[in-house]
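K.L.:
The lines below spell out each chain.
2 protein chains.
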Amino acid sequence: MRRLKTVAIVGVGLIGGSFALAMRRAGAVARVVGVDRDAQALERAASLGVIDTAAESASEAAAGADLVFVSVPVRAMGTVLHDVALGLGPGGVVTDAGSTKADVVRTAAEELRNRLPQFVPGHPIAGRESSGVEAATADLFKGARVVLTPGPDTAPEATALVRACWEACGARATEMPAEAHDRIFATVSHLPHLLAFALVSEIVSRPDAAELLGFAAGGFRDFTRIAASSPEMWRDVALANREALLDEMDRYSARIAVFRELVARGDGPGLQRLMTEARNARRAWPGGKRSSSDE
Amino acid sequence: MRRLKTVAIVGVGLIGGSFALAMRRAGAVARVVGVDRDAQALERAASLGVIDTAAESASEAAAGADLVFVSVPVRAMGTVLHDVALGLGPGGVVTDAGSTKADVVRTAAEELRNRLPQFVPGHPIAGRESSGVEAATADLFKGARVVLTPGPDTAPEATALVRACWEACGARATEMPAEAHDRIFATVSHLPHLLAFALVSEIVSRPDAAELLGFAAGGFRDFTRIAASSPEMWRDVALANREALLDEMDRYSARIAVFRELVARGDGPGLQRLMTEARNARRAWPGGKRSSSDE
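In order, the protein sequences belong to chains E and X.
Be aware that the first sequence starts at 1, since it is given in the numbering used here, and climbs by one per residue.
Be aware that the second sequence starts at 1, since it is given in the numbering used here, and climbs by one per residue.
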């Protein structure tokens, strides 16, 4: 890809910071401008060398940027895109890193208006338990998948630029409609998060929760790891992707009812058949081995 | 504790083999006799130095043993305890390592008859993903919890001996009634296993399962790790602990219904409140950090 003159990072946390570091390391950008509503985080980003310059506002950061990378909580997306649109030049491209896409597409249509063709919705499937710019690393996206959901209005050259940037960061980009993205991630990410929160929530509602947790071991630990995630983020994801998530909850509840019936009837062969199918699929899944990255 | 002359291990796999190695390392036993229905596993146990002598049958192994450690699948427990009773002397003590306890207590009452006071039901909360005697290690129980569920018939000196052996292996023993054990483990172990199997089972039932799994990341990986467990073992656990597990499934389904209602209503504060309670409890749980041991 051509070397970009300026990339603006709006929201300099783990994801935005890692994107800046990866782009720098690839030699894909000359100058990184950052902006964050947390002034101290912005200072740390500058002192860590993640950004070259701190801007006062998203519109100031977007002015003159070849690429604006928006990595803020989904609930802040409207305000941020509104500000970005105020500064964005006709040649600038905007992308985001939100976990849900249909709602971001709707927000972008409202806020970006005539700049909408310059916006490429995106979702990098990467993350880690620690957050903040201190945890940012140029390797975060190495081998990770990124889903881009350009719509009928999106300029093909904008999509091509964002794809090239992700590839420079070591990621593999896939394109699909925003609705398909949201259905897939309701299944493989949003539902499991909600299920893990629900299990811990059920246990802590009991008077003997401490005793119960005292006997919990490694299976429980891994099953509930994602229940230590940000409640604000997952509340927003659940509400932003409500319809798909409700479908997933209903499918899952129906499957639990099937297992319940097998247990109640004492149907050993039936239980074993479903468990074996699941075990085989889980063991065959190439993503099943532990690595340092997660969503 | 006094040094035991002979310990018999019935079922020389990960758990039985690790118990033998830990007892040896503690200098708590002079001679280890092993028996296994898998003749090759028994040979490997001897060549690895896990056992000194291979016996032909559980009754032969039990004859003259100070302690008989039964680590076989719960479904084999009846036959094995029947054989153990045939050989066991009046001074021998028997314990087991099954994941459920009330069913083992019932089986023991039927099979051990006048030897029942010599039986101490036990459950070490340890394990790992690999199985078999090759994976056995003297460290497996270091710092692990072990639950003992002696009943009114159990001789106190038998319980004291089993407790001393576990402490020699580095474990911490807790006593409780078998029914209390089964309720606790239905909550913190049996239910999560069934939930993980159910999630993968639901996904693999779909025509686009492969595409879905292609986008699954670290949260899904950890949530479903236990769905790679033995279907035979977890089928048996689910059926052996049926009543407690059905209760847990009903409580969990009710909690899922609460979350579903909050999502359907778009109740952000309600969702955030339950998720925050769960997040705080999960973060405060001392078992939350990864280690090499699990159940």
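Among the clues, some could well be false.
Claimed, not checked - From chain X, some residues computed to sit far from chain E (all C-beta separations above 10 Å):
# : residue
1 : Ala164
2 : Ala168
3 : Thr187
To be verified - Within a straight-line C-alpha distance of at most 20 Å, the following computed DMTMM-like cross-link-like pairs (lysine to aspartate or glutamate) qualify:
# : chain 1 : residue 1 : chain 2 : residue 2
4 : E       : Lys5      : E       : Asp38
5 : E       : Lys289    : X       : Glu211
6 : E       : Lys5      : E       : Asp66
7 : X       : Lys289    : E       : Glu211
8 : X       : Lys5      : X       : Glu167
9 : E       : Lys5      : E       : Glu211
Keep in mind the hints are simulated off the structure, nothing from the lab.
Note that CB positions come from ideal geometry on N, CA and C, so glycine has one too.
K.L.:
Need the list of violated hint numbers for this structure, in ascending order.
P.N.:
When the structure is compared with the hints, numbers 3, 4, 9 turn out to be violated.
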